[in-house]
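Chemist: Listed here are the chains, written in short residue letters.
2 protein chains.
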Amino acid sequence: MKFERLALIGCGLMGGSFALALRQAGLVQHITGFSASEKTRQRALELGVIDQACNSVTEAVQGADLVLLAVPVGAMHSSFAALRDTLSPKALLMDVGSTKCDVIAAAQAALGERLNCLVPAHPIAGKEVAGIEHAEGTLYQDRRTILTPLPQNSIRHIQTASEVWTAIGSHVSHMTPEAHDATFAAVSHLPHLLTFAAVNALTAQPQGAAFLEMAGPGFRDFSRIAASDASVWRDILSANRSEVLTQMAHFRAALDQFENTLKQGDTAALQQLIQQASDVRSAWTLQAGNACNKASED
Amino acid sequence: MKFERLALIGCGLMGGSFALALRQAGLVQHITGFSASEKTRQRALELGVIDQACNSVTEAVQGADLVLLAVPVGAMHSSFAALRDTLSPKALLMDVGSTKCDVIAAAQAALGERLNCLVPAHPIAGKEVAGIEHAEGTLYQDRRTILTPLPQNSIRHIQTASEVWTAIGSHVSHMTPEAHDATFAAVSHLPHLLTFAAVNALTAQPQGAAFLEMAGPGFRDFSRIAASDASVWRDILSANRSEVLTQMAHFRAALDQFENTLKQGDTAALQQLIQQASDVRSAWTLQAGNACNKASED
Numbered sequence: 001m002k003f004e005r006l007a008l009i010g011c012g013l014m015g016g017s018f019a020l021a022l023r024q025a026g027l028v029q030h031i032t033g034f035s036a037s038e039k040t041r042q043r044a045l046e047l048g049v050i051d052q053a054c055n056s057v058t059e060a061v062q063g064a065d066l067v068l069l070a071v072p073v074g075a076m077h078s079s080f081a082a083l084r085d086t087l088s089p090k091a092l093l094m095d096v097g098s099t100k101c102d103v104i105a106a107a108q109a110a111l112g113e114r115l116n117c118l119v120p121a122h123p124i125a126g127k128e129v130a131g132i133e134h135a136e137g138t139l140y141q142d143r144r145t146i147l148t149p150l151p152q153n154s155i156r157h158i159q160t161a162s163e164v165w166t167a168i169g170s171h172v173s174h175m176t177p178e179a180h181d182a183t184f185a186a187v188s189h190l191p192h193l194l195t196f197a198a199v200n201a202l203t204a205q206p207q208g209a210a211f212l213e214m215a216g217p218g219f220r221d222f223s224r225i226a227a228s229d230a231s232v233w234r235d236i237l238s239a240n241r242s243e244v245l246t247q248m249a250h251f252r253a254a255l256d257q258f259e260n261t262l263k264q265g266d267t268a269a270l271q272q273l274i275q276q277a278s279d280v281r282s283a284w285t286l287q288a289g290n291a292c293n294k295a296s297e298d
Numbered sequence: 001m002k003f004e005r006l007a008l009i010g011c012g013l014m015g016g017s018f019a020l021a022l023r024q025a026g027l028v029q030h031i032t033g034f035s036a037s038e039k040t041r042q043r044a045l046e047l048g049v050i051d052q053a054c055n056s057v058t059e060a061v062q063g064a065d066l067v068l069l070a071v072p073v074g075a076m077h078s079s080f081a082a083l084r085d086t087l088s089p090k091a092l093l094m095d096v097g098s099t100k101c102d103v104i105a106a107a108q109a110a111l112g113e114r115l116n117c118l119v120p121a122h123p124i125a126g127k128e129v130a131g132i133e134h135a136e137g138t139l140y141q142d143r144r145t146i147l148t149p150l151p152q153n154s155i156r157h158i159q160t161a162s163e164v165w166t167a168i169g170s171h172v173s174h175m176t177p178e179a180h181d182a183t184f185a186a187v188s189h190l191p192h193l194l195t196f197a198a199v200n201a202l203t204a205q206p207q208g209a210a211f212l213e214m215a216g217p218g219f220r221d222f223s224r225i226a227a228s229d230a231s232v233w234r235d236i237l238s239a240n241r242s243e244v245l246t247q248m249a250h251f252r253a254a255l256d257q258f259e260n261t262l263k264q265g266d267t268a269a270l271q272q273l274i275q276q277a278s279d280v281r282s283a284w285t286l287q288a289g290n291a292c293n294k295a296s297e298d
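Protein sequences appear in the order of chains A and B.
Those letters in the first sequence? Residues 1 to 298, per UniProt numbering, in order.
Those letters in the second sequence? Residues 1 to 298, per UniProt numbering, in order.
In short, the hints are calculated from the structure, not lab data.
Be careful, since some hints might not be right.
Just some of the chain A residues that point at chain B, by a computed CB distance under 7 Å [to be verified]:
1. M1
2. F3
3. T183
4. L212
5. E213
6. G216
7. F222
8. R241
These figures come from a predicted structure and were not determined experimentally.
Positions of the beta carbon are idealized from the N, C-alpha and C atoms, including for glycine.
One chain only, chain A, in its complex shape:
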């Protein structure tokens, strides 16, 4: 597996790291890049992340046998529309979005006959800092990447997508888009929302700042993900709204149980609820491939 021409649409942390990883693995001959910001694409060129900065999606995608769409979720539809007429029928197209059903819906609406080129991907990787300056070829090493193939995909395309991520050190899993979005609503999107709400609940109180001064390491770890990027998480929560609301309903039911036992002073039931959580969390360990050294946005 070797690519002649990678087109990078979106030259940020995720896209830039993918390009560097592919180059370092010797998997690509030439890399074109497009970014909505001219400054960003010039910087990507200066940093050697891309070989050629292009002025349009069309120009970047021309002749590419591999296209990575690493743009905010909100820019997916217009990117699909822009590359549709230029994309080679044999090219492999992947995105790196944190939600999948909405990306696929955008592709179905905008990609036309080229829908079969898209193998949707979600690498569970990130950093607390964004931008091309922070891109590194090792970002996807020892991380999990989830592919949610489409019925339209050829076996060859799915196989190649899997090989690309594996070649840059990622552990590949396959899921349906629906299972992906339900899973990450449960283990990532809702937890983020809960910590946003917990921090806002503190700030809303006059003594909030005094409270925060006394917070210890338990709060530090609990709330780390509340420092995440607001526009990224606006998009993720909006895109996966239905699943997030479903998970919120499950959470509210569990919270109600705690509130009821507290109000009733039923300490035996309270202990049982805590024990159940404590047993599950104590037995849980981070799966190989989900681990990372740096803080993930996911």
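Given the coordinates of chain A, assemble chain B onto it according to the supplied hints.
Modeler: The following block gives chain B in isolation, referenced to the frame of chain A:
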């Protein structure tokens, strides 16, 4: 400041570590110990944490000029009642409970004329493992200890209490019992409850186990405190029930805001809510004295 006789009531992680720290600092000549479990007090003797294992609270407290009550919150009242008639009027008595108003209420009910001996204390320290085997003299180093003095306390008693904790490396703060309980409901007790509920919400779903397999480092940090000891947290949440319920109401209001913006598809308002949380959490840092290397139960 040097004590002739420390009586340790409760020979677990917290009490044992206090005894070791005092001994290592050369602040105490003789240490008596009582534990409800005979096995535990014998083990404390074998480990050199105490010099003398006593068969009753009365025997342990006899002649002590310093008494540390390191028993579960539920055993405070009976311990106060047991030591009341033997406690020297000059002795300094401290507890290490995570909640303060309830401990003080128990003392008011059971300590009688000796109420003035009690300087309530809450060292913000702990480990994920409990028991005398894990006691260590450095447990309180670089941690914060909060004292909530009583109007009945003499200046000398408060001063001595402060000096003891400072001598074993702790950073001492004073608060009212009410402010203490409100603060820790906000930054510790509610966050624990939220993670218990979040884990239970996952477990309640048929796909819960599959969801958990895909959870990453964000979830790992967020949910770490959900692995806490169930009986300890039953007691803390029960003892501080009113403040915890108040904080839960603040949290629900913040959660409702997120739910409403999501349901209305108001992405601008959603981004603003996230930005507010992200700004506060990004600017927050663990205060000196709250830090610890090991996981705290608080």
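Chemist: Now, for every hint given, state plainly whether the structure supports it.
Modeler: Verification of the hints:
no. : hint : result
1   : M1   : violated, 27 Å
2   : F3   : violated, 28 Å
3   : T183 : holds, 5 Å
4   : L212 : holds, 6 Å
5   : E213 : holds, 6 Å
6   : G216 : holds, 5 Å
7   : F222 : holds, 5 Å
8   : R241 : holds, 5 Å
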